[in-house]
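Colleague: Chain residues, written in single-letter form:
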Amino acid sequence: MASARYAFRDGWRLVVRHWGLSLLTIFTAMAVFYVIGASTLFVMNVRHIVSKLEDQLTIQAYVKPGVDLDALAKKISALEEVRDTKVITKELALERLRTRLGNQVEAVSLLGENPLPPSIEVRVDKASQVSNTALKIDVMDDVDDVVFAGPVAEKLSKVSNFAGQFSVVLLVVAFLASGVVLFNTIRISVYSREEEINVMVMVGATSTYVAMPFVIQGFLLGFAGALLAFLFVGGTYFSAIVKLKDMLPFLTFIESPQLLYKLGFMLVCCGATVSLIASLLAVEKFIKNAMEPL
Amino acid sequence: MDLQLSGVTKIFEPDIVALEDVYLQIESGEFVYLVGETGSGKTTLMRCVTREVVPTRGHISVGGYMLRKIKRYDLALFRRDIGVIFQDFALLPNLTALENVKFVLEIMGLSPKETTERASEELKNVGLWRRRDMYPPQLSGGEQQRLAIARAIVNTPALLLADEPTGNLDPSTADEIMQLLLSINAAGTTILMATHNPHFVDTYRHRVIEIHRGRVVRDEEKGRFDANGLC
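Sequences listed follow chains A and B, in order. Numbered by this note's numbering, the letters in the first sequence go through residues 49 to 342 in order. Numbered by this note's numbering, the letters in the second sequence go through residues 5 to 235 in order.
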């Protein structure tokens, strides 16, 4: 218990003693974690938008005359990637056309007998599955023709994949960057206390006892950096969303405050974990050498 | 705490023989002077006893601890049982006099109350209580040496290793330090003191071990500094 108290007290002292370095480290960690937080939100929003657009992506399968629509819909539903199907009868197709025409609905009467073919509207799980599914449906005997937004689906799929890959690369780079900064700060602290550590080891300090203040110093810096980053991300996100909604009213963004709390929790956990690992690595070898006899 | 060295040899790279075939037996409660010219191996011998240095050959046993095979954690516990007064004091400049003494007790896991009480008492014993809030650079050489002694004895060690504890001190201060060490020994602590001071060795007669070029060349009860008794 006394050792834990000592470790926290001394860890705090290290932060205060090297206050310039501590501020620099906190600032750098904050910048790195801000990038992590902002890019995470960016990627989440891209995926949210893509998922909304994917919901609107459909395959229209036009059927040959006289085909049992329900039976065909059932057959299409059996495909693995199909989320749902909807039977569009000739009547429903005409109804939709009327709705779409609005005040020009009179034009429908010029068509005479309803010329619109029945079809089955198919939704898939992901945009990337649209083309393949369309091909599978197209080769079915009862299907006359298939219409789908192939290029749009592929682009959406690419955007979604790129966002995912981008976030992974960014996370790895940001983690490494914050780890290196924290590692160097702790290393400098360790070397500044080289003499002290040697004396501590000589009077019977265990390696854990010597290492703990440095680990706590690193933890405090990483934690503070991540916490500040979260506050800044939270502060800027909602105002950015308001502006984006004005500029891009056709897009929907994530606005749940709970998402931010989760992101904050993730950032602080990441900050603490990265700083703990970096501190342990920075201090471990030095203490091992200090304890090693000649 | 007794101390035993059996055939201890230390060769530093490439081939500097610091100690050669040293056999020693020091009983609990003894006061032993370690004499010899500079570079004879006194400090290496002490560093072998604290296990800062591992002998190339031979074994060292201190109070039941076999130092060659001691594990890292046990080494820390062993070092809590001994006190070391370093030649250069090795005080921590960023800590006050009181904190310098307290941190040895903190390492042992004592409560803050007990730590403060014992450290304060030790500072009073060495006459530094009024200097408790000063930092080592603000203390005189003699005061720093007394502080180093306070730190070395605050954990009531069974063995105290003092490497030139009166070196660089004026005669009056050196004598104060010597009196302090004698009183610590009188309380039962085994003391091994490396010194170049013939006055103390000849005035306060105890066992004298002389080292020359890494070998024990004299081991004498109530001996004198010089083998021929000329000093």
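Among the clues, some could well be false.
[As the list claims (entries may be wrong)] Cross-link-like lysine-lysine pairs, in silico, DSBU-like; alpha carbons within 30 Å at most: (1) B/K128 - A/K336; (2) B/K75 - A/K333; (3) A/K206 - A/K310; (4) A/K336 - B/K226.
[Claimed, not checked] Label pairs and their computed distance ranges (CB to CB): (5) A/R61 - B/W133: 19 to 27 Å; (6) B/P18 - A/K336: 24 to 32 Å; (7) A/K336 - B/D6: 38 to 46 Å; (8) A/L224 - B/S144: 46 to 54 Å.
[Claimed, not checked] Covered stretches of chain A (in silico footprint by chain B; criterion: 3 or more residues with CB under 8 Å from a CB of chain B, positions within the stretch not fixed): (9) 99 to 110; (10) 175 to 186; (11) 263 to 270.
If you are wondering where the hints come from, they were derived from the structure by calculation, not from laboratory data. Heads up, the beta-carbon is just placed ideally off N, CA and C, and yes, glycines get one too.
Colleague: Taking the numbered hints from earlier one at a time, note which ones the structure violates and give those numbers from smallest to largest.
Modeller: The structure breaks hints 1, 4, 7, 9, 10, 11; every other hint is satisfied.
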